[in-house]
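Enquirer: Produce the entire structure from the sequences given, and follow the hints as far as they go.
Chains as they are written, first to last, in the working numbering: chain A, 1 to 263; chain B, 1 to 377.
Any given hint might turn out to be false.
Within a straight-line C-alpha distance of at most 25 Å, the following computed SDA-like cross-link-like pairs (lysine to any residue) qualify [unchecked claim]:
id, chain 1, residue 1, chain 2, residue 2
1, A, K148, B, S90
2, B, K316, A, A125
3, A, K148, B, K316
4, B, K316, A, R172
5, B, K316, A, F202
6, A, K148, B, S250
7, B, K316, A, E118
8, B, K316, A, Q199
9, A, K148, A, Q110
10, A, K148, A, A125
11, B, K316, A, L253
12, A, K148, A, E118
13, A, K148, A, G122
14, B, K316, A, G122
15, A, K148, A, L194
16, B, K316, A, Q110
Simulated from the structure, these hints should not be mistaken for lab results.
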Amino acid sequence: MSDVLLEVRDLVKHYRLPREQLLQPAPVVEALRGVSFTLRAGRSLGIVGESGSGKSTLARLVMALEVPSEGSVRLLGRDLHALPRTELRAARRDFQMVFQDPYGSLDPRQRVGRIVAEPLVGVDAADARRRVGEALDAVGLRASDAAKYPHEFSGGQRQRIAIARALITRPRLIVADEPVSALDVSVQAQVLNLLAQLQQQFGVTYLFISHDLAVIDHVCDEVAVMRAGHIVEHGTTEQVLQQPAHEYTRALLAAIPSVGAFR
Amino acid sequence: MFFFGVRAARADTARNPRARRTPMLPWRAVGTPRHRRGARHNDTVPSTSPLLAITDLRVTLNTARGPADALRGIDLQLARGATLGLIGESGCGKSMTAMAIMGLLPPGAAVSGSIVLNGQELVGLPDDAMCALRGDRIGMVFQEPMTALNPLHTVGDQIAEPLRLHRAMGRSAARAEALRLLERVRLPQAAQRLDAYPHQLSGGQRQRVTIAMALACGPDLLIADEPTTALDVTIQGEILALIRELVEESGMALLMISHDLGVMARTVTRLLVMYGGTVVESGPTGEVFTHLAHPYTRGLFAARPRLGAARVDGRKPLLATIPGRVPELVDLPAGCPFADRCAWVVEACRAAPPAPVVVGPDHAARCIRVGELGAAP
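Expert: See the structure below:
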């Protein structure tokens, strides 16, 4: 298929832990044990799983923040982990990340304008200012907010700033690691709507990591369920959530506390 | 003689620390462990009086931007063995209410109104008397078990601490009781885990340990502040089931704080919806969920993404959002705190804080237009 954006093949990641005993080899954690999937442009894939299932490790490898033990990540046909450093830096404009904690992911001493402009490389100041204004506008903030500091904003607005920073390079792929988990229900709804609108407007592709199946169901076309470093089930959202094939998916769905008994 | 008198008093408190810490309540037998007294409570306290009664509780905090009214007149009652949930978004005052009950408000907070637990007024209670209640009559479970536990002490010692402090138990008796508690909260391999440190346990296991600590003295009231928010969904289910079971079994009352409507549906029979430091809706959980009397409750419900909601052209329709954002406590509007975000707002809403309007049996909402909203969508 020509419109494949992201192709992940047999990804394995081991982490070596500190040695527990002097003469024995250091214990190894197998965070990913062979993960493969392809993601077409403009689609969004949700990754669900519990803590320790490897979802965040997968995000870090796709973002080329870490090097896999085995396997490859190909974005637009290029193997990210085989690119020379300078080319990788140039390629980073195509994939950006939004983190969970809108308080921890923005530098408190920088103005919003500088935070949002950070991913831009080799763009002159006037152009950068214009694009910061556009990006802030796209996420529902004002261009004048560029002069403020992060502490002047609420949690939901900070997450909008983080999304503006991801959008400014006009990326093809946005990796979002639990982007709404730290937000209140009413603010979460605003950010989810924003993500949906941005996808329609700019055609970005999301790799969306969450532990919340209802959020995944809302945002994603496809779901991959991870457990202990494997993808145990992968399919369209409707298929996986309405006719779960794997026992673990069924357990996850059954565990969600619902208000269904009352409504 | 004066010195002898002081010494004698010291010696006495050394033997029985409770004598110094707490003014003995009239119905409490001195020195008898609580779990053996059990039924005697009801003999002396009239059965009509609730375990916890909060009347017109107001808390004002000192902030950099001036005084902020964090709680603006909370009224609630909780009977023995009953369950009550406080739900709302950050800054609505739900945790502040819990902190006020426990006497853990930040320094400089001004409190007025009344909090009566077991017939004892807690507002204005001296620190040492409050210390004697905390961990004894009031058990607490917090959101993040790793920060609630001391990383330098074993799990067994931490569960034994309230027993040694409040019950003056010896080391071995407290250890035996700690083991019984760990078994009661169904921590696997409890006997071996007694000497484990918190970092050797998983998140769910740690939360079981903090629950065991909260239960140690057989409290009358368990306050659980977002006890499962940091846990995975399958573990969350187990912990909620455990809390429910312990509440039924021990007859203690539960005050549950959460932002999650589903968690509330599973654990509490009565619900208070909080916004801007006031209770905007209160009623039996089922009634609140069925009628959604207050516009804010409706907004909260509509804003949740729902599993299996219908797709249009392969896409989910946008979520219904509540416009604007939670107002800061310093600049809450004078009238209804929700007025600036409400679709039904009229001029009268901004005039004065609305009084509760009865909308059903035991069910009230603070909204002057509640009668005109129609049935829940």
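Enquirer: Would you mind marking each hint as holding or not holding in the structure?
Expert: Outcome of the hint check:
1. A:K148 <-> B:S90: holds (23 Å)
2. B:K316 <-> A:A125: Not OK: K316 (chain B) and A125 (chain A) at ~39 Å, beyond 25 Å, violated.
3. A:K148 <-> B:K316: Roughly 34 Å between the alpha carbons, so the hint for K148 (chain A) and K316 (chain B) is violated.
4. B:K316 <-> A:R172: holds (22 Å)
5. B:K316 <-> A:F202: holds (18 Å)
6. A:K148 <-> B:S250: violated (53 Å)
7. B:K316 <-> A:E118: Status violated; Cα separation ~33 Å.
8. B:K316 <-> A:Q199: holds (13 Å)
9. A:K148 <-> A:Q110: This hinted pair holds, its Cα atoms lying about 9 Å apart.
10. A:K148 <-> A:A125: Satisfied, since the Cα-Cα distance of roughly 18 Å is no more than 25 Å.
11. B:K316 <-> A:L253: holds (19 Å)
12. A:K148 <-> A:E118: holds (15 Å)
13. A:K148 <-> A:G122: holds (24 Å)
14. B:K316 <-> A:G122: The given pair, whose Cα atoms are some 38 Å apart, is violated under the 25 Å limit.
15. A:K148 <-> A:L194: Judged against 25 Å, a Cα distance of about 22 Å means the pair holds.
16. B:K316 <-> A:Q110: violated (37 Å)
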